[in-house]
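Chemist: What follows is the residue order along each chain.
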Amino acid sequence: MVYFSKWKVLFVLGVVALGLIFAAPNLFSEKVADAVPDFLPHEQVNLGLDLQGGSHLLLEVDVKSVLRERLTAVVESARAVLRRERIRYSGLGVRGDTVSVSIREAAKVENARQLILAAQQNMQLAVAGNQIILSFSEDAIKEQARAAVEQSIEIVRRRIDETGTREPTIQQQGDDRILLQLPGVDDPERVKRLLGRTAKMTFHLLDNNGSVEEARRGRVPPGAMLLPAEASSRSQGQPSHYLVRRRVAVGGDRLVDSQPSFDSQTNAPVVNFRFDTLGAKKFGDITARNVGRPFAVVLDKEVITAPVIREPILGGSGQISGNFTTQQAQELALLLRAGALPAPLTILEERTVGPGLGADSIAAGKFASIVGMVLVVIFMAISYGLFGLFADVALIANMILILAALSVLQATLTLPGIAGIVLTIGMAVDANVLVFERIREEVRAGRTPISAIDAGYSRAITTIIDANLTTLIASTILFFFGSGPIKGFAVTLTIGIITSLFTAIMLTRLLVVAWLRRKRPTELPL
Amino acid sequence: MKPLNLVPIKPDLNFIGRKRIFFIFSALLVALAIGLFASRGLNFGIDFQGGILIEVRMSEGGKLSEMRTELSDLGVGEVALQEFGQPTDILIRVQKQEGGEKAQQVAVEKVKTALGEGVQYRRTEFVGPQVSRELFRDGVIAVILAMVGILAYIWFRFEWQFGLGAIIALLHDVITTIGIFALTGLEFNLSTVAAILTIAGYSINDTVVVYDRVRENLRKYKTMPLPELLNNSINETLSRTVMTSLTTMLALVSLYVLGGEVIRGFSFALIWGVVIGTYSSICVAVPVLLHLNVNRGVQTSGGGRGEQPEPAE
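Those protein sequences? They're chains D and Y, same order as listed. Counting in this note's numbering, the first sequence runs from 804 upward without gaps. Counting in this note's numbering, the second sequence runs from 1076 upward without gaps.
It cannot be assumed that every hint is accurate.
Keeping only pairs whose Cα atoms sit at most 30 Å apart, straight-line, the calculated DSSO-like set for lysine-lysine is [said to hold, decoys possible]:
| # | chain 1 | residue 1 | chain 2 | residue 2 |
| --- | --- | --- | --- | --- |
| 1 | D | K995 | D | K867 |
| 2 | Y | K1185 | D | K867 |
| 3 | Y | K1185 | Y | K1138 |
| 4 | D | K945 | Y | K1177 |
| 5 | Y | K1171 | D | K1104 |
| 6 | D | K1104 | D | K1085 |
| 7 | D | K834 | D | K809 |
| 8 | D | K1290 | D | K995 |
| 9 | D | K809 | D | K1322 |
| 10 | Y | K1297 | D | K1104 |
| 11 | Y | K1185 | Y | K1171 |
| 12 | D | K1104 | D | K945 |
| 13 | D | K1322 | D | K811 |
| 14 | Y | K1187 | Y | K1177 |
| 15 | D | K1290 | D | K1169 |
| 16 | Y | K1187 | Y | K1138 |
| 17 | D | K995 | D | K1104 |
| 18 | Y | K1187 | D | K995 |
| 19 | D | K945 | D | K995 |
| 20 | Y | K1187 | D | K1104 |
| 21 | Y | K1138 | Y | K1171 |
| 22 | Y | K1171 | D | K995 |
| 23 | Y | K1185 | D | K1104 |
| 24 | Y | K1171 | D | K867 |
| 25 | D | K867 | D | K1104 |
| 26 | Y | K1177 | D | K995 |
| 27 | Y | K1295 | D | K995 |
| 28 | D | K867 | D | K945 |
| 29 | D | K834 | D | K1290 |
| 30 | Y | K1171 | Y | K1187 |
| 31 | D | K834 | D | K1104 |
| 32 | D | K867 | Y | K1177 |
| 33 | D | K1290 | Y | K1171 |
| 34 | D | K1290 | Y | K1138 |
Treat the hints as calculated values from the structure; they're not laboratory data.
Chain D on its own, in the form it takes in the complex (with noise of 0.2 Å):
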């Protein structure tokens, strides 16, 4: 314990080294660190958000309205081809995770469950009496699932990308759930609004089989739904809701482009769309099949207006003339650019750290620290004399080694995490106090100085283990269950307790060793 071999000597001088190394760029700012030579090390600590400010959400994708609209889907579908057909059915509707329909002759029962098989080829089909019920098979619907979340990711990210928002990190949490982390926005408000909406926008002729009144009074004619009208539109002395084919004209998903504009002739705020070919096609056939009658522009199903068709509009491209606040424009002209999400997302957490508190707590914690770090070097040095300075030392290296750990492996350093430096400083001495108390004892046992330091050291090893085992193991632990800053806390505890072990055994023992050697005392100033 008292013989240290020069390959040792060099490995603990070298991680240290190492540690002022890549500690270093800490100390400057961050333009300063960037501008560093790629060869030399220029990674500073992560800041989490609650230090550096931003926005932290996390959004649930509601996977089951997937389910639910393939199967609305479905419905439409097999309507179309019982109705073609001349098959006579009742009760055909959802029910559940299943879509069920009653023929009415039994003889064509058969009939019907072939065509309706070939509509849809990937379902199940069961036949119970005249009834036939379809579904989707377990591992469809967690493809649809899986399909549904990993497309609303990518569209969150490009409305995300839209706002300007600088690395932004969007990751897939769990089955069904988006973390969105956003440096740097400190009132996601606008962030929220956008991904608060589905955009998925569709055209619809409006049905005229029926009234607007008698759908309100619960008789809406089948294929057709009662939409309410968006609300700014309301208030203007336009119908509240409207009747529109469910059948979808042309969708959404159609568009390649869409730009806030300005009308020409009123100046109101505009959104211009263009199609696809394939879309404008579509619309192109519509419009002139329909000249002077109504369709409706839905978007999350709510009807944005619904204007008269004047003439075909075979361009590809149009206009959408709500009654939008420029600010709406734009976001809806964004909306529909990025594309619209498979499914509604809810937020299920919100963390927001504005710039000023993260700035204070940031501060406040380094101050903390060096205050609790000098009042520590200081009662170190009063309790234990020569010895004690030699802690601090460690103390001081064990510093520099966790600033060069977070640095490294570019950890996210959190306010928890400040309080978890804090407490190994406090912590961190212990193992030197046990090897003293212990050199102590030796000492007083009738030990010469070398053999009462060899003791001390060999002696409380084993305890320094134990005790400190057992703090790693409730850090671990705490770093697999914590979440956000709780983990920061769990990351600079662990890093701590390694990083005060390796100074504390290592380090100080080294130089107690060397001071040995060269003093050669008959006495230890302990």
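Chain D is already provided as a structure; the job is to place chain Y on it using the hints.
Modeler: For chain Y alone, coordinates are given in the frame of chain D:
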């Protein structure tokens, strides 16, 4: 520099002889903690309960009661306001809204609209019912797992009596910490769980150091009466226990005083933990060994892996 000995060179305090006092004191403490927990409950933060927390900075202080009336008329249920660190900083807590995640968002918007322009939002947190349930579950699992992990380690390194003694001390610390939160009404949140786990780690750390010495002395002095042996072990390690508690305390107190309002509850819990953890490892964990039938005979496999039992001196 002449080193200072805070603890007398050879303290000879009679800890074991006063164990009855310690046990009664600890039992009362635990009973009180459980009673407080049962009667007052914990002031769960939004992490575990769901709800909204907004910290704002006003341009001038003293608007608290005005804001209180304004916000309580919003129809978003119970709204609690308090000054946070300084008169211009106000912490607004809004209870969990009925009606799922969407309703929480609506409430956040309502509050923000009511506060209007001219306030600086320092913090906005909202936790929906779903996430808060999960966080609570994860917190409970983490605490249990940590306890089991620590217990397993002690069991592995020492004999079972020590493991049991350590876990008694640990439960004592955790329960009284929860009790102090019930007593003070301090917010119990995610960082409190982190604090509890850290306290558990610290307390065990202290206990292990004394136990290590007990184990060493058990091998050395095979005929010494157990009470005397335990008392000696405590006294021999007392200097270290006091030193480490003091250095940790120095760091934590500076964190409590200077570390800012956000982290004050957290550092308070840790400070309490160091006090109770130090007390319990000396006055609970060791004396309790007397009643656990510690094996004095041949060394069993649990102890001294890699070490040869030393002959008695």
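Chemist: Now, for every hint given, state plainly whether the structure supports it.
Modeler: Quick rundown of the hints versus the structure:
Using a Cα cut-off of 30 Å, the hinted pair K995/D and K867/D holds, with the two alpha carbons roughly 21 Å apart. Proximity of K1185/Y to K867/D is assessed by CA-CA distance (about 29 Å); at most 30 Å being required, the pair is judged to hold. With a C-alpha separation of about 19 Å, the suggested pair K1185/Y and K1138/Y falls inside the 30 Å cut-off, and the hint holds. This hinted pair checks out: K945/D and K1177/Y have alpha carbons roughly 25 Å apart, not beyond 30 Å.
A hinted pair counts as satisfied when its Cα atoms are at most 30 Å apart, and K1171/Y with K1104/D qualifies at roughly 29 Å. Distance restraint check for K1104/D and K1085/D: the Cα-Cα separation of roughly 21 Å lies within the 30 Å cut-off, and the hinted pair is therefore satisfied. For a cut-off of 30 Å, the pair hint linking K834/D to K809/D is broken: about 40 Å separates their Cα positions. For the hint pairing K1290/D with K995/D, the CA-to-CA distance comes to about 26 Å; that is within 30 Å, so the pair holds.
Restraint check: the Cα-Cα separation between K809/D and K1322/D comes to about 19 Å, which is no more than 30 Å; the hinted pair holds. At most 30 Å may separate the alpha-carbon atoms for a hinted pair to count; K1297/Y and K1104/D exceed this at roughly 84 Å. Pair hint K1185/Y plus K1171/Y holds up; C-alpha atoms about 14 Å apart against a cutoff of 30 Å. Annotation: proposed proximity of K1104/D to K945/D holds, straight-line Cα distance about 26 Å (limit 30 Å).
This hinted pair checks out: K1322/D and K811/D have alpha carbons roughly 21 Å apart, not beyond 30 Å. This hinted pair checks out: K1187/Y and K1177/Y have alpha carbons roughly 16 Å apart, not beyond 30 Å. Under the criterion of a C-alpha separation no larger than 30 Å, the hint pairing K1290/D with K1169/D is consistent with the structure, at around 19 Å. Simply put, K1187/Y and K1138/Y have alpha-carbon atoms about 16 Å apart, close enough for the 30 Å limit, and the pair holds.
With a C-alpha separation of about 19 Å, the suggested pairing of K995/D with K1104/D holds against the 30 Å cut-off. Between K1187/Y and K995/D the CA atoms are separated by roughly 14 Å; this keeps the pair inside 30 Å, and the hint holds. Among the hinted pairs, K945/D with K995/D is consistent with the structure: their alpha-carbon atoms are about 27 Å apart, no more than 30 Å. Distance hint between K1187/Y and K1104/D is fulfilled; the C-alpha atoms sit about 28 Å from each other, no more than 30 Å.
A distance of roughly 24 Å separates the Cα atoms of K1138/Y and K1171/Y; the hinted pair therefore holds under the 30 Å criterion. Between K1171/Y and K995/D the alpha-carbon distance is near 19 Å, which keeps this suggested pair within the 30 Å criterion. For the suggested pair K1185/Y and K1104/D, the alpha carbons sit about 25 Å apart, so the restraint of at most 30 Å is met. At most 30 Å may separate the alpha-carbon atoms for a hinted pair to count; K1171/Y and K867/D meet this at roughly 25 Å.
Of the pairs offered as hints, the one joining K867/D and K1104/D holds, with about 17 Å between alpha carbons and a cut-off of 30 Å not exceeded. For a cut-off of 30 Å, the pair hint linking K1177/Y to K995/D stands: about 12 Å separates their Cα positions. Taking the CA atoms of K1295/Y and K995/D, the gap is near 68 Å; set against the 30 Å cutoff, the hint is violated. About 11 Å separates the Cα atoms of K867/D and K945/D, which keeps this hinted pair within 30 Å; it holds.
Taking the CA atoms of K834/D and K1290/D, the gap is near 28 Å; set against the 30 Å cutoff, the hint holds. Under the criterion of a C-alpha separation no larger than 30 Å, the hint pairing K1171/Y with K1187/Y is consistent with the structure, at around 16 Å. Distance restraint check for K834/D and K1104/D: the Cα-Cα separation of roughly 49 Å exceeds the 30 Å cut-off, and the hinted pair is therefore not satisfied. For the hint linking K867/D to K1177/Y, the alpha-carbon distance of about 16 Å falls within 30 Å, and the restraint holds.
About 25 Å separates the Cα atoms of K1290/D and K1171/Y, which keeps this hinted pair within 30 Å; it holds. Simply put, K1290/D and K1138/Y have alpha-carbon atoms about 36 Å apart, too far for the 30 Å limit, and the pair is violated.
Of the numbered hints listed earlier, those contradicted by the structure are 7, 10, 27, 31, 34.
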